[in-house]
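Enquirer: Following the hints, complete the assembly by docking chain B onto the known chain A.
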Amino acid sequence: MLKDHAKLMYAIEATGEITGRKKLQKIIYIAKKLSFPFQERFQFHFYGPYSEELTLRVEELSNLGFVEEIREKKGGYFQYRYSLTDSGKEFLSLNEVEMPCLPDCLLDMNEQNARFLELVSTVLYFENLSREEVAEKVFTLKSKQKYTLEEISDAYSYIESLKEKAKSLV
Amino acid sequence: MGYGTEKLMEEKVFKDPVHRYVHVRDRVIWDLVGTKEFQRLRRIKQLGTTYLTFHGAEHSRFSHSLGVYEIIRRIIDDVFKGRPEWNEEERLVSLCAGLLHDLGHGPFSHSFEKVFDLDHEEFTQKIILGDTEVNAVLMKVGADFPKKVAEVIAKTYSNKQVVSLISSQIDADRMDYLQRDAYYTGVSYGHFDMERILRVMRPREDQVVIKQSGMHAVEDYIMSRYQMYWQVYFHPVSRSAEVILTKILHRAKHLHEKYYSFKQHPIHFYSLFEDETTLEDYLKLDESIILYYFQMWQEEEDSILSDLCRRFMNRNLFQYVEFDPAKEYKKMAELSLLFKKAGIDPDYYLVVDSSSDLPYDFYRPGEEEERLPIQLLMKNNEIRELSRESAIVDAISGKRRTDHKLYFPADFLSDYTSKKNVKKQIQALLDR
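Going down the list, the protein sequences come from chains A and B.
Be aware that the first sequence starts at 1, since it is given in full-length UniProt numbering, and climbs by one per residue.
Be aware that the second sequence starts at 1, since it is given in full-length UniProt numbering, and climbs by one per residue.
Excised from the complex, chain A in its bound form:
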């Protein structure tokens, strides 16, 4: 029952707390691309890979009282913080989730900022393209973010380090 919900709860518990909807979306997307078995379907939206299913699932978890969603005003918009509640922890303890190598990758991603994770997820989205084509996509589709070639290169290195981390822990 609610196996896919339990996987998300496991991810939130592993990080302790995730700040920002965008960050949550990108972390789960990147984890999925690292072959962790998240079932949520992602599509490219105006600001990168996004999953409506993930949004709704987190909303369900919040309505069920398993995940606490704290809304805070930040500048001109609202930001959300997510953590697992006690009843969420109890539910999770009764539902086995086996992704032993996930927490280490998640903790690492959670230390990155949302802007960088947006770039990493975009690079992963276009992984079938050459580096030059990816850079062109980033500059065209994310022109407002003003990413540099150096940042794109950092994104590639970061993806490699995450892959190593995921592999070494298997």
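Please keep in mind that the hints were generated in silico from the structure rather than gathered at the bench.
Hints may contain errors.
Unchecked claim - Restraint ranges, calculated between C-beta atoms of paired labels, are given here:
no.	chain 1	residue 1	chain 2	residue 2	range
1	B	S288	A	F78	43 to 53 Å
2	B	N381	A	E151	41 to 51 Å
3	B	E6	A	T140	23 to 33 Å
4	A	T140	B	D117	29 to 39 Å
5	B	E6	A	F78	32 to 42 Å
6	A	D154	B	V13	29 to 39 Å
As the list claims (entries may be wrong) - To spell it out: a stretch of chain B is covered by chain A in this simulated footprint if at least three of its residues, at any positions, have a beta carbon under 8 Å from a beta carbon of chain A; those stretches are:
no.	stretch
7	144-158
8	349-356
Nothing here was measured: the structure is a model prediction, and the numbers come from that model.
Note that CB positions come from ideal geometry on N, CA and C, so glycine has one too.
Expert: Structure of chain B alone, referenced to chain A:
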């Protein structure tokens, strides 16, 4: 004159119950409609299992795709044409993308995608870019034209204004399916003044905005969307049919993995079971093929597969009760044990279905800029997000309802010829 600008000698029209007529003047569009990949959409229902609840809902992805094309054609030819913010060179790619946006949908695609981990968007890309009749037509426009059309549909095209015509919170796709689904299901929701909305749409640098004077028409559209979700798309009976369909696919896959000897061998499913579905295999699938198997599998030796197929074909669906996972997850474990004692496999006959299992979305104001919200163009040229101006939209796009239901076969439980006491215990638990 190039193929991309070639016009038919006479305009062709499709009679359409939603838009009255779908007008085709461009040779490319006419040729695309005639391809076998596009014709395949006639054999895929727009609303999957919903026809088991609303018997009129037999309409296909073919008619929806034509409808989306027609809406985009009207926006471009009747509203955007001649406006400085609109580049007329984007007309053909927009029309083609609208027509082809659902090309990769398979039979009962929601269940199939879940069980076999497929993605219809990926197949849309493959059909447009692969060795297909659709690709051959698009290539005649230009070598890079198929790629452009594919990018618009994938939302990675450089001109975001074009993308937002087909994919945004108020796009041609939604405007067609809301009206079409309302028409064919026969419900009285889902209607709004589309003509008015089209007239107040304005192209801007990277999106399409709505003139402030059209706000009330947009409110009506948002209300229609909200009502259609709860009255049609999230209908518990359609969800019951979807649950059974999903379980049939799981069972067939499981039996294949266990080397079960099918009376009717699932030839068309082999590549799905083995997770190596090629484009060629995929294009052979449509709902007539799938229903043929379900019809035949009613005679299988495996009692679970034959029972589930009988249920689906004869509309003997699962019953449901409201379920609160937060308060009742321990009850679920208890029920699962009792089902096993009663000889009813809970993996197939006791199912929790959540609103997030369904493929539809709500209007969201788009905080943190994740999804572009509907933007109003105010009289002073300022852009304002819709829910900040409209109290109605603000009210229904705030905290959204979520919903979980527990599905089970009531007829099995009321059959007291065996395990009467256990079944009574189950019923008592379900009634609690």
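Enquirer: Compare the structure with each hint and give your call.
Expert: Status of each hint after checking the structure:
For the pair S288/B and F78/A, the beta carbons lie near 49 Å from each other, so the given range of 43 to 53 Å is met. Separated by about 34 Å at the C-beta atoms, N381/B and E151/A break the suggested range of 41 to 51 Å. Against the hinted window of 23 to 33 Å, the Cβ-Cβ separation of E6/B and T140/A comes to about 30 Å, which satisfies the hint. Distance hint check: the CB atoms of T140/A and D117/B are about 30 Å apart, consistent with the given range 29 to 39 Å.
A beta carbon spacing of about 51 Å between E6/B and F78/A contradicts the range 32 to 42 Å that was offered as a hint. Range check, D154/A to V13/B: Cβ separation about 55 Å, and the 29 to 39 Å hint is violated. For a cut-off of 8 Å, the count of residues in the stretch 144-158 of chain B with a CB near a CB of chain A stands at 4, and the three-residue condition holds. For the stretch 349-356 of chain B, the proposed coverage by chain A is satisfied: 4 residues have a C-beta within less than 8 Å of a C-beta in that chain, meeting the threshold of three.
Of the numbered hints stated above, those contradicted by the structure are hints 2, 5, 6, listed in ascending order.
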